[in-house]
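One-letter residues, chain by chain:
Number of protein chains: 2
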Amino acid sequence: MPKNNSKPLMVYNSLTDKKEEFTPINKGNVGMYVCGPTVYSESHIGNLRTFVVFDLIIRFLKSQGYKVRYIRNITDVGHLEDDGEDRIAKKAKLENVEPMEIATRYTNDFKEQLRQLNCLHPDIEPLASGHIVEQIQSIEKIIAKGYAYEAKGSVYFDIDKFRKSYTYGKLSNRNIDDLISNTRELKSQKDKKNSFDFALWKKADSKHIMKWSSPWGDGFPGWHLECTTMSQKYLGENFDIHGGGMDLKFPHHDCEIAQSEAIYGNQPANYWIHTNMLTSNKKKMSKSTGNILLLTDLINDGYFANAIRLFLLSAHYRSVLDFNKKALDDANSLASRFFDTYHNLNIIDIELKSNELNDVNNKKPQISRKELENIDVDCKNALLDDFNTPKFISELIKLSKTIDKIVNKKLNINKGNLEYLNEIFMKHLDILGFDLLDQYMLYSQLERESKFGLQFSMEKSGELLDIIEKIRSKARAIADYDTSDFIRDELSKLGYEIQDKD
Amino acid sequence: MPKNNSKPLMVYNSLTDKKEEFTPINKGNVGMYVCGPTVYSESHIGNLRTFVVFDLIIRFLKSQGYKVRYIRNITDVGHLEDDGEDRIAKKAKLENVEPMEIATRYTNDFKEQLRQLNCLHPDIEPLASGHIVEQIQSIEKIIAKGYAYEAKGSVYFDIDKFRKSYTYGKLSNRNIDDLISNTRELKSQKDKKNSFDFALWKKADSKHIMKWSSPWGDGFPGWHLECTTMSQKYLGENFDIHGGGMDLKFPHHDCEIAQSEAIYGNQPANYWIHTNMLTSNKKKMSKSTGNILLLTDLINDGYFANAIRLFLLSAHYRSVLDFNKKALDDANSLASRFFDTYHNLNIIDIELKSNELNDVNNKKPQISRKELENIDVDCKNALLDDFNTPKFISELIKLSKTIDKIVNKKLNINKGNLEYLNEIFMKHLDILGFDLLDQYMLYSQLERESKFGLQFSMEKSGELLDIIEKIRSKARAIADYDTSDFIRDELSKLGYEIQDKD
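Just so you know, the protein sequences line up as chains A and B, in that order.
Heads up: the first sequence runs through residues 1 to 502, numbered per our numbering.
Heads up: the second sequence runs through residues 1 to 502, numbered per our numbering.
Don't read these hints as lab results, they were simulated from the structure.
Among the clues, some could well be false.
[Claimed, not checked] DSS-like cross-link-like pairs, simulated, lysine-lysine; straight-line CA separation at most 30 Å:
id: 1; chain 1: B; residue 1: K427; chain 2: B; residue 2: K19
id: 2; chain 1: B; residue 1: K67; chain 2: A; residue 2: K91
id: 3; chain 1: B; residue 1: K192; chain 2: A; residue 2: K111
id: 4; chain 1: A; residue 1: K427; chain 2: B; residue 2: K111
id: 5; chain 1: B; residue 1: K203; chain 2: A; residue 2: K145
id: 6; chain 1: B; residue 1: K427; chain 2: B; residue 2: K391
id: 7; chain 1: A; residue 1: K325; chain 2: A; residue 2: K398
id: 8; chain 1: B; residue 1: K141; chain 2: A; residue 2: K203
id: 9; chain 1: B; residue 1: K398; chain 2: B; residue 2: K325
id: 10; chain 1: A; residue 1: K152; chain 2: A; residue 2: K190
id: 11; chain 1: A; residue 1: K27; chain 2: B; residue 2: K401
id: 12; chain 1: B; residue 1: K192; chain 2: A; residue 2: K409
id: 13; chain 1: B; residue 1: K192; chain 2: B; residue 2: K207
id: 14; chain 1: B; residue 1: K325; chain 2: A; residue 2: K233
id: 15; chain 1: B; residue 1: K370; chain 2: B; residue 2: K325
id: 16; chain 1: B; residue 1: K152; chain 2: A; residue 2: K233
id: 17; chain 1: B; residue 1: K27; chain 2: A; residue 2: K203
id: 18; chain 1: B; residue 1: K170; chain 2: B; residue 2: K207
[Said to hold, decoys possible] Short derived list, chain A residues pointing at chain B, Cβ under 7 Å:
id: 19; residue: M100
id: 20; residue: N108
id: 21; residue: D123
[Claimed, not checked] Coverage of chain B stretches by chain A, computed from C-beta distances (three or more under 8 Å per stretch; other residues unrestricted):
id: 22; stretch: 219-228
id: 23; stretch: 429-436
id: 24; stretch: 480-492
Glycine included, each C-beta is placed from N, C-alpha and C at the ideal position.
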């Protein structure tokens with residue numbers, strides 16, 4: 001009997017620290033905002049993990065019939081270093097170029113990496129620098145509600161005032177009193193009422209390039225403000241899902257919540273989803289430890305983009321994922337397995353048409369519709385349970401092994417069920433974001449290399465055909481028609497048609 | 001004797017209608033602004049021609065040692081239809097989505113097409129919607145100088161006033177008095193002093209989504225304003241080159257000039273470069289005639305992206321280019337030729353190492369350093385003469401034919417000269433924007449298909465190796481070592497090493 005098909009989608013909500021049933025605000029629609037990168041350096045695969053996870057979530061939601069509006073921002077101004085300098089402006093100064101050139105370079109780089117990892121484009125990808133008017137309006141609203149104050153051309157969020165009506169830090173569950181008493185007094189913060197107040201608008205000095213005029217003089221917006229402003233511009237005051245890396249919970253997302261509550265009286269998103277970090281050989285990936293891994297390095301080492309994607313999805317998004325060579329090699333083998341399965345389905349289809357598999361008199365068991373339905377439901381249920389990708393992938397491996405049995409003639413399948421099996425497999429490959437084209441490019445090469453004991457570096461069909469043609473000419477010249485016919489037949493199986501001139 | 005290597009770069013300046021020597025404002029640096037697309041529909045190859053031309057110009061300028069800052073905007077708001085509606089807002093209303101979703105979709109689509117055509121990214125790619133503050137400041141400056149007026153929440157440029165001090169329409173050389181007397185009175189223009197005044201800021205009604213607050217109330221900027229504002233933000237009041245399609249001369253570029261003169265007293269760019277249009281079978285490419293050609297259609301028809309790029313550069317940028325199947329087929333053959341030449345250079349290198357070409361006792365002529373220098377200079381001179389791409393391509397064909405002669409052993413070359421020849425060829429392929437990888441993907445397939453009389457659809461090296469291995473096993477089984485050795489030797493030439501287990 002097919003398993004119950006109507007399980008609800010359960011999502012772990014970071015705000016309540018509980019798995020909750022997902023109920024969208026507008027039936028059938030999902031509004032989702034994910035914090036994108038600050039574009040001042042190349043993203044490493046730890047950063048990319050977050051975006052691949054949300055790509056899978058979006059693909060799954062779409063497969064469940066939801067219409068998704070996915071917004072992911074680009075932070076091209078306002079993200080400050082600990083020394084109070086804007087990250088992009090600092091890099092621009094180092095390289096002696098316009099800050100916007102730095103932002104453009106790393107935005108392009110980021111998008112190219114996600115393209116290689118087969119991530120769908122967001123529906124809108126707003127820039128912080130592109131929403132200055134809107135951010136000024138947000139600040140004016142916060143000031144009007146009494147939760148912000150101007151100080152020497154900058155505007156700060158007033159945490160003390162805010163805490164009289166709301167809770168600050170509800171997402172990170174930090175002990176805010178402790179935090180406040182431990183906050184360091186930075187040089188750039190001397191105009192604040194309290195050291196833990198955060199900037200909504202920063203005054204820019206005359207040398208600063210990235211600045212705009214505002215009611216408080218020339219300056220630029222604070223980092224937290226852009227996400228509040230842009231998410232609500234494109235998704236409304238209250239939307240369904242807000243996502244990002246776990247490290248953004250505090251202060252970034254807690255500040256977003258505070259800003260929204262200050263403006264609208266409510267926190268912005270019903271569900272907060274946070275992805276955990278990627279370690280490398282059990283150590284946190286960071287520039288200081290020098291263990292940063294870039295996508296390009298892995299691709300240059302010969303890994304499929306598919307394999308890297310599979311690896312990034314191989315742990316549940318709320319768990320730490322550790323990068324090591326074995327894990328990536330395993331993902332590479334798995335990518336090959338899935339590609340083989342795709343080919344096997346084509347082989348089964350061809351064989352079925354020639355009735356090789358469909359001999360009703362043979363004694364092999366026949367796979368049933370119900371068994372297939374169960375496989376389909378198992379895959380789906382894995383993702384309905386808080387997007388459990390390791391479980392989902394293991395169900396896909398089971399599916400792949402079932403297909404192995406059919407191609408190895410240990411199981412029979414009829415035409416209608418084969419169509420359904422094909423549909424299930426392709427649907428789930430698509431949710432996984434598996435790129436058949438990416439795999440095809442490298443596959444034949446690597447696969448043959450290992451199987452054939454040969455060393456080669458590129459596809460050489462033409463040259464190989466030349467050799468085969470020479471052998472065949474020789475054979476025909478000495479009337480060895482066994483060999484020449486053998487060659488003709490073998491080539492014909494591959495779709496090559498030999499046209500003898502004589 | 002080598003030709004004179006120090007010709008100046010000559011550029012046809014649309015502003016003076018003369019070919020002029022190019023002198024940058026800051027020695028060694030070029031600031032260049034090109035009007036990008038309005039992102040409300042898919043770009044056709046007529047649109048893409050402009051961007052491929054400027055990509056070649058940038059590649060050439062860089063090859064000449066210039067540091068180029070290349071700015072190309074994205075118009076995502078403010079480009080009005082004749083009925084006064086914003087193009088993007090209109091499309092969004094039709095599809096019932098957020099206008100910014102339309103802009104995002106077609107921006108991604110545009111960038112993906114240019115990626116396929118191997119165009120370099122601009123250094124900055126600013127959005128009109130991302131520069132509202134700056135545009136409002138531009139308007140305030142124009143009002144302060146007395147060349148603009150507010151009317152019911154909109155702001156218009158005052159042409160009559162402007163014409164008292166400056167010439168309006170100097171780029172298009174239109175008879176402005178005639179034009180003014182013929183301007184239609186549109187419904188949306190009834191607040192203007194004169195029908196030919198153009199909008200700097202348009203009041204938006206309450207239903208309008210893409211609007212921002214301003215000193216004149218909620219509204220959005222006029223189309224012409226963004227280019228004045230963004231070019232000068234990133235390149236300064238006065239920069240080197242302003243480019244775009246010829247259809248932008250009037251009103252767009254003449255309005256830009258007027259705005260700059262109103263603000264700064266000077267027109268913005270020293271050199272204006274305009275690309276001519278692409279026709280299809282001698283007819284203008286337009287949606288109404290239904291002869292729009294999309295890049296994806298041509299790629300799906302089996303043309304190399306390289307071939308399409310070569311085709312787009314096959315006429316001088318100031319000439320009309322006519323699309324027809326023969327022209328594209330010719331470009332496809334040419335792309336194959338250049339790819340062959342690239343391979344031939346490798347063959348020559350291998351042969352030279354084994355001294356096959358370098359037999360001093362043979363009677364073949366030796367190519368000299370001076371001949372090579374002349375080839376190099378001829379290629380360069382073609383582009384120094386107002387980026388004459390058809391001449392440049394014909395020089396490259398000559399170069400390719402010279403390389404043919406060497407590989408066909410009708411000409412000798414020594415090692416030093418071969419290195420230089422290789423450098424010349426690769427440098428010019430790069431200026432051309434030829435993508436060796438793109439070609440590689442399809443090349444072996446199509447090439448073999450025609451040469452070998454075989455029909456096949458994909459690379460099958462592995463399968464072919466399997467066949468060869470079977471033949472060799474059979475041969476070895478019957479002690480036919482002639483055949484098995486022949487196969488081993490032939491495979492070895494291709495870099496395949498057979499490891500017999502016995």
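Results for each hint:
Restraint check: the Cα-Cα separation between B:K427 and B:K19 comes to about 26 Å, which is no more than 30 Å; the hinted pair holds. Taking the CA atoms of B:K67 and A:K91, the gap is about 19 Å. The hint holds against a cut of 30 Å. With a C-alpha separation of about 44 Å, the suggested pairing of B:K192 with A:K111 is violated against the 30 Å cut-off. Among the hinted pairs, A:K427 with B:K111 is consistent with the structure: their alpha-carbon atoms are about 28 Å apart, no more than 30 Å.
A distance of roughly 28 Å separates the Cα atoms of B:K203 and A:K145; the hinted pair therefore holds under the 30 Å criterion. Using a Cα cut-off of 30 Å, the hinted pair B:K427 and B:K391 holds, with the two alpha carbons roughly 16 Å apart. This hinted pair checks out: A:K325 and A:K398 have alpha carbons roughly 24 Å apart, not beyond 30 Å. Restraint check for B:K141 and A:K203: the C-alpha separation of about 23 Å stays at or below 30 Å, so the hint holds.
Restraint check: the Cα-Cα separation between B:K398 and B:K325 comes to about 24 Å, which is no more than 30 Å; the hinted pair holds. Only pairs whose Cα atoms come within 30 Å are accepted, and A:K152 paired with A:K190 is accepted, the gap being roughly 10 Å. For the given pair, A:K27 sits about 66 Å from B:K401 by alpha-carbon distance, which is inconsistent with the 30 Å threshold. Between B:K192 and A:K409 the CA atoms are separated by roughly 80 Å; this puts the pair beyond 30 Å, and the hint is violated.
For the suggested pair B:K192 and B:K207, the alpha carbons sit about 23 Å apart, so the restraint of at most 30 Å is met. For the proposed pair B:K325 and A:K233, the alpha carbon gap of about 47 Å is over 30 Å, so the pair is violated. For a cut-off of 30 Å, the pair hint linking B:K370 to B:K325 is broken: about 39 Å separates their Cα positions. For the given pair, B:K152 sits about 26 Å from A:K233 by alpha-carbon distance, which is consistent with the 30 Å threshold.
Restraint check for B:K27 and A:K203: the C-alpha separation of about 35 Å exceeds 30 Å, so the hint is violated. With a C-alpha separation of about 38 Å, the suggested pairing of B:K170 with B:K207 is violated against the 30 Å cut-off. Restraint check, A:M100 versus chain B: the minimum CB separation of about 5 Å is within 7 Å; hint holds. A hinted interface residue such as A:N108 counts as satisfied when its beta carbon comes closer than 7 Å to some beta carbon of chain B; here the least separation is about 5 Å, so the hint holds.
Below 7 Å, beta-carbon pairs count as interface contacts, and A:D123 has one with chain B at about 5 Å; its hint therefore holds. As drawn, the stretch 219-228 of chain B meets chain A at 0 residues by the rule of a beta-carbon pair under 8 Å; below three, the given contact is violated. Here the stretch 429-436 of chain B counts 0 residues with a CB under 8 Å from a CB of chain A, which misses the bar of 3, and the coverage is violated. Coverage of the stretch 480-492 of chain B by chain A holds in this model, with 5 residues showing a Cβ closer than 8 Å to a Cβ of that chain against a need of three.
Hint compliance for this structure: hints 3, 11, 12, 14, 15, 17, 18, 22 and 23 are not met, and every other hint is.
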